[in-house]
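Knowing the structure of chain A, use the given hints to seat chain B on it.
Residue numbers (our numbering), protein chains in the order written: chain A, 21 to 327; chain B, 21 to 327.
Careful, some of the hints might be misleading.
Treat identical chains as interchangeable: a pair holds within one or across any two.
With a cut-off of at most 25 Å between alpha-carbon atoms, the simulated SDA-like pairs for lysine to any residue come out as follows [to be verified]: (1) 200 <-> 40; (2) 31 <-> 113; (3) 24 <-> 75; (4) 24 <-> 117; (5) 42 <-> 257; (6) 24 <-> 36.
By construction, these hints were calculated from the structure, which means they are not laboratory data.
There are 2 protein chains.
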Amino acid sequence: MTLKVSDIGEKELIKYIIANSKSITPDDTAITQLNDTNLISTCDMLIQSRHFPKGMSYYDMGFKSVTVNVSDLAAMGAEPLGFLLSIAIPKNLEIDDFKQIIAGVLDACDFYEIPLIGGDTNEASEIIINGTALGLTDKPLMKDTYQIGDLICVTGDIGLAALGFELDVLDNIYVKRALKPEARIREGLILRDYATSATDITDGLASELYTIKKDGFGFMIHEEMFDVSDEYKRIAGELELDYLDLMLHVGEDFELLFTISKENLGKLTIDCKVIGEVTDSDVVELTLENGFVERIENRGYEHYVSE
Amino acid sequence: MTLKVSDIGEKELIKYIIANSKSITPDDTAITQLNDTNLISTCDMLIQSRHFPKGMSYYDMGFKSVTVNVSDLAAMGAEPLGFLLSIAIPKNLEIDDFKQIIAGVLDACDFYEIPLIGGDTNEASEIIINGTALGLTDKPLMKDTYQIGDLICVTGDIGLAALGFELDVLDNIYVKRALKPEARIREGLILRDYATSATDITDGLASELYTIKKDGFGFMIHEEMFDVSDEYKRIAGELELDYLDLMLHVGEDFELLFTISKENLGKLTIDCKVIGEVTDSDVVELTLENGFVERIENRGYEHYVSE
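The shape of chain A in the complex, shown without the other chains (with noise of 0.2 Å):
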């Protein structure tokens, strides 16, 4: 029988060119020494049928293209340098709905303070959009990094796109997370003087805990430490959804998870919130608000995929 890719999936392809690779930092970005600093560069590209829910609209998308690149830069600490945009779109698409998609995109270079400094047009079926990013840094801010005793936390609530994607009336916080997510680049460049390590969470907490986990470590992470707001526990409810299971296995939030060590969580100045802490369990764990401890599943969630 011949392999097809949808066989294995795609974590073991960046798997495949990892391993093939000499030069692939495996972390958020790449890294490369330069003098005195290091140069970031990260890319991703992200196609409409995947990655752009049904109700967001071409300057949401544009916007988007820009954060999700950004993130990246966020979860090393490093300062904005300049972003790249390659679009490809549908001849028949409309010139005012690609003049939105671009408004997008300068907008968020505005908000981010990173230039638009180059790019590429295509022609393609549908919308596709690749961004690269690149930002400086004295002190990348790696991943994995933490030690045994340091604090889990994460910039601000988790899970809020999680239940926005699922939801039709469009004027609450949930949805304008879900469509308007934003990159947490000021908390990253806070962060890289304190944190011990950072990462960005895009396929939801559980998974993003399973990449960065080292053999020997593990993580314990506290429900009650969500703060989980009586309303998302009803609206989930409503929809007969699994709170637990949108807040930790469907992601896009795009905020920064990090370690820290308990001397320097109260130096941070930025909104956060400890939900756990690093271990030598070797396991990913959940303690629940009833007390009871289950593991957490690696389980990510890959969106908008039409199967």
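The following block gives chain B in isolation, referenced to the frame of chain A:
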């Protein structure tokens, strides 16, 4: 009537983006000053149905995706620093074919001495490869910094790929150039110290000449300086194609088009050919072998577009 993208064309889209961004250098690549050097960055998206001719192997697709980007570094006289690969593939692609694409990318990175430092994988209905090439140069080689009286040169034979696209027999120099072009990275590094301007030939000599043209400056190209072989003329004739049309309006050779002062020409240690000179005529002209002079049309070739 609502304007569609197909009504205005790709070049107008690029013009729109450049006009609305404060930070884009209208040259072959972006240029970002970094202490005592310049970071050169560029990205190009290749789409299977548009950019890869039918006979092209998966390996050659991977190789070409590096070449088109490195060629832009060459045109700036930049030393390669790193390459990022965003690749989207159909889920029914065979794993062995995917591995062939990656082998082509990795071999090209070795060939150009540019490390593969990062990337992204995705699923799409056809193969889409977006490469980002990063480089450094103390002295960026711009495309329009020539003076009247400068000689116009190319680094090799142009039009080989153009003829290759038309041939079914694979084992000849034309098809080889069409399927596996090579970027002139070594030549670009030498030209940086001697040339007055440079760009790479992707859309055809004519199109590039119009791209670099400044008001008040003109170009006179001499057919006899092309040194067209009898074989080239014969094969084009058998295919009922105009050989001059192939040489001027197709491209995809990835040779460098550069200008140089008469004094500096003798100092060059690379294979190259003088094909004309910069004039004050304000037009782009060709002196034919028979002595007649005609205007060169501003017309490039859109490859593999199925209209």
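Next on the checklist: At most 25 Å between alpha carbons: which applies to residue 24 and residue 36, within, between, both or neither?
Outcome noted: within (14 Å within a copy, 40 Å between copies)
Item to check | Homo-oligomer pair classification [residue 257, residue 42; C-alpha up to 25 Å] | outcome: neither (48 Å within a copy, 48 Å between copies)
Next on the checklist: Cα distance capped at 25 Å. Does residue 24 pair with residue 75 within a copy, between copies, both, or neither?
Outcome noted: between (32 Å within a copy, 22 Å between copies)
Checklist entry - 25 Å Cα cut-off: does residue 31 pair with residue 113 within a copy, between copies, both or neither? => result between (32 Å within a copy, 16 Å between copies)
Item to check | Homomeric proximity label, residue 200 with residue 40: Cα distance no greater than 25 Å | outcome: between (36 Å within a copy, 22 Å between copies)
Checklist entry - When no copy is specified for residue 24 and residue 117, does a C-alpha distance of 25 Å or less occur within a copy, between copies, both, or neither? => result between (36 Å within a copy, 9 Å between copies)
Against the hints set out earlier in the document, a violation occurs for number 5 only.
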